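Mind docking chain B on chain A? Use the hints.
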Amino acid sequence: MTKNTIIQKPKKDRMFWIRTTISAVILIFLYYIALTTTDLTYRGSTLSPGALLQRLFWNPFFDDAVLEKVPEYIAYMIETLAIAYGGAVIGAILAIPFGFLAASNISKFSYIGKWILNAIRAFPEVMFAIIFVAAVGMGPFAGVLAIGINSIGMLGKLYSEVIESIDMSVLESFKANGAGRLQTIWYGVIPQIIPEFASYAIYRYEIDVRSSTVLGVVGAGGIGTPLIIAAMQRSWERVGMMLMIIIVVVSVIDFISSRIRRRLV
Amino acid sequence: MSKQKNKTSVDNGNIAVFHSKTKVTITYILIIVIGLYIASAFYTEAYPNLIIAGMPVVIDFVIYDFFPPNLKYISTVMKALIETWNMALLSTTLSVIFALPISFLAAANINKNKVFYQIVRFILNIIRTIPELILAVLLVAFMGIGVISGIGALFIFSLGILAKLISETIEAIDPNPLEAIRATGANTIQVIRYAVIPQILPQYTSYALYVLEINVRASVILGFVGAGGIGIILKQQTSLFNYGNVSTIILMTFIAVTIIDFVSSRVRERLL
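Residue numbers (the numbering used here), protein chains in the order written: chain A, 1 to 265; chain B, 1 to 272.
Just so you know, the hints here were simulated from the structure itself, not pulled from any lab data. As the structure is a prediction and not an experimental result, all values here were calculated from the model. Don't take every hint at face value.
To be verified - Keeping only pairs whose Cα atoms sit at most 25 Å apart, straight-line, the calculated DMTMM-like set for lysine to aspartate or glutamate is:
#1 A:Lys114 with B:Asp261
#2 B:Lys114 with B:Glu171
#3 B:Lys114 with B:Asp174
#4 B:Lys235 with A:Glu196
#5 B:Lys79 with A:Asp39
#6 A:Lys157 with B:Glu269
#7 B:Lys164 with A:Glu161
#8 A:Lys175 with A:Glu196
#9 A:Lys108 with A:Glu164
#10 A:Lys157 with B:Asp174
#11 B:Lys23 with A:Glu196
Claimed, not checked - Reference listing, derived: stretches of chain B covered by chain A, where coverage requires no fewer than 3 residues with Cβ under 8 Å from a Cβ of chain A:
#12 41–47
#13 61–73
#14 105–116
Every residue, glycine too, gets a C-beta built ideally from N, C-alpha and C.
Next comes chain A alone, as it looks inside the complex:
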């Protein structure tokens, strides 16, 4: 028997400890500020959680006034879906030039494209909605514009990543065969990128459906408007009914969309 050797962990170098200390100090500072300046008082409510959940998810089925309103809510939900669709289509089309502009293998000014797309993504969607509602008035039209512009940021970034990953040797062989620039793009680039582009556009539609339910709060149309009014009136039966409609519709859309995306890519 030889002497037992214990395998030692490799020692961390000094840089590691310096970095860890600095990060820890920053984190402690941030948490100190967060915990001391935030007003964390619990104000409570007159409703117990159980009673509220019952009013939200159980009572609506037995309340005639709420059941009467169901077709109206479904119409609002369809409007929400239409806003998201209109916005997603606009976004998906407008994102194409931005995607090409931001792709480093196609564009010479890819940093400009990347900068624009980052700027759009840093804008919270509700701010777009506020600007468009103020500019073109309340209603679904403002919602379509807000969602369309907001979608460009994410879609343009994903598109540019797809374009950057295409097989350039295919393009070369097209060029070697004497294809013009347009022919190269049509036969060489488009078939390579279409499935991914479509898949991302559909994925973005899922996100847009969620955001357009929210944008009604600032007057951009859709089911958000009646929802927020009902919530302000503390009419939890109506809120619960709309919430259930949203959950069901969003789940169905997510399911269909993930099925389509699985077949595409």
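Here is chain B on its own, set in the frame of chain A:
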């Protein structure tokens, strides 16, 4: 149509690039996409020509009503921004802590109980369909107006995202270390501690920062329903049509979000 026929016929000297069946499918898909778009345009009255005509109105509005931003308002906005950031930070911290055990339950290679696994997945899917604003509405009803309901709403909202991302990472890890540690007689907790955690730690941290970015953006809207943060003053100033102040809020939020995104994406790049 005639052009298409020419392309498919080999007699013409051309070889079809796309299969004719593919062409039919693509045509159908295009018809459906365009048909749905027309339906949606009718429903929302957002016709393409109106959109093109509307853009100058929007640009004029931004130039004439939003500029100049009201610089005297900066200190008020700063206070609200810090509150928003604190909400995002605290809620992310909570969800990072709670998402870890949940994501082990939602990972098929750790949680071997099929039924329990499906139940956890189902609940996470339901949580993710609820928009954050509606969570805030519900939590304001539960806990009253204030920052605490905003933190709660963001916590639940990001818990759904984070648990899904982490559980997918866990499902994709290398199974060999798991087996090796299990073979030495380790129980589930020890397997997680010595085989899973070291493998997922970089992604775990990276997703935590990613969720922090999402929460910063999501927290902007929560004030609209009384759940704290910058949304409160944003709503107030918008309904007063005080666009100088609104533009200060928007610009400062934009700068803050950009800085947070930049720092976080730099850190994430170094982690992975």
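Pair hint Lys114 (chain B) and Glu171 (chain B), alpha-carbon separation not exceeding 25 Å: Satisfied, since the Cα-Cα distance of roughly 14 Å is no more than 25 Å.
Proposed proximity, Glu196 (chain A) with Lys23 (chain B) (alpha carbon, max 25 Å): With Cα atoms ~18 Å apart, Lys23 (chain B) and Glu196 (chain A) stay inside 25 Å; holds.
Pair hint Lys79 (chain B) and Asp39 (chain A), alpha-carbon separation not exceeding 25 Å: Holds. Lys79 (chain B) to Asp39 (chain A) sits at ~12 Å (cutoff 25 Å).
Pairwise hint evaluation, Asp261 (chain B) against Lys114 (chain A), where the allowed Cα distance is 25 Å at most: Distance ~14 Å between Lys114 (chain A) and Asp261 (chain B) Cα, so the pair holds.
Lys157 (chain A) paired with Asp174 (chain B) [C-alpha distance capped at 25 Å]: violated (30 Å)
Chain A covers the region 41–47 of chain B, three or more CB atoms within 8 Å, holds or violated: holds (count 5)
Given coverage of the region 61–73 of chain B by chain A, checked by CB-CB distance under 8 Å (3 or more): With 4 residues in contact (Cβ-Cβ under 8 Å with chain A), the coverage given for the region 61–73 of chain B holds.
Satisfaction of hint between Glu269 (chain B) and Lys157 (chain A), Cα-Cα up to 25 Å: holds (17 Å)
Restraint status (C-alpha distance of Lys164 (chain B) to Glu161 (chain A) at most 25 Å): Cα-Cα ~23 Å, so holds.
Lys235 (chain B) paired with Glu196 (chain A) [C-alpha distance capped at 25 Å]: violated (38 Å)
Assertion that chain A covers the region 105–116 of chain B - criterion: three or more residues, beta-carbon distance below 8 Å: Three-residue rule not met by the region 105–116 of chain B, so violated; n is 0.
25 Å limit on alpha-carbon distance, applied to hinted pair Lys108 (chain A) and Glu164 (chain A): Holds: Lys108 (chain A) and Glu164 (chain A) sit about 13 Å apart, inside 25 Å.
In this structure, the earlier hints numbered 4, 10, 14 are contradicted, and the remaining ones agree with it.
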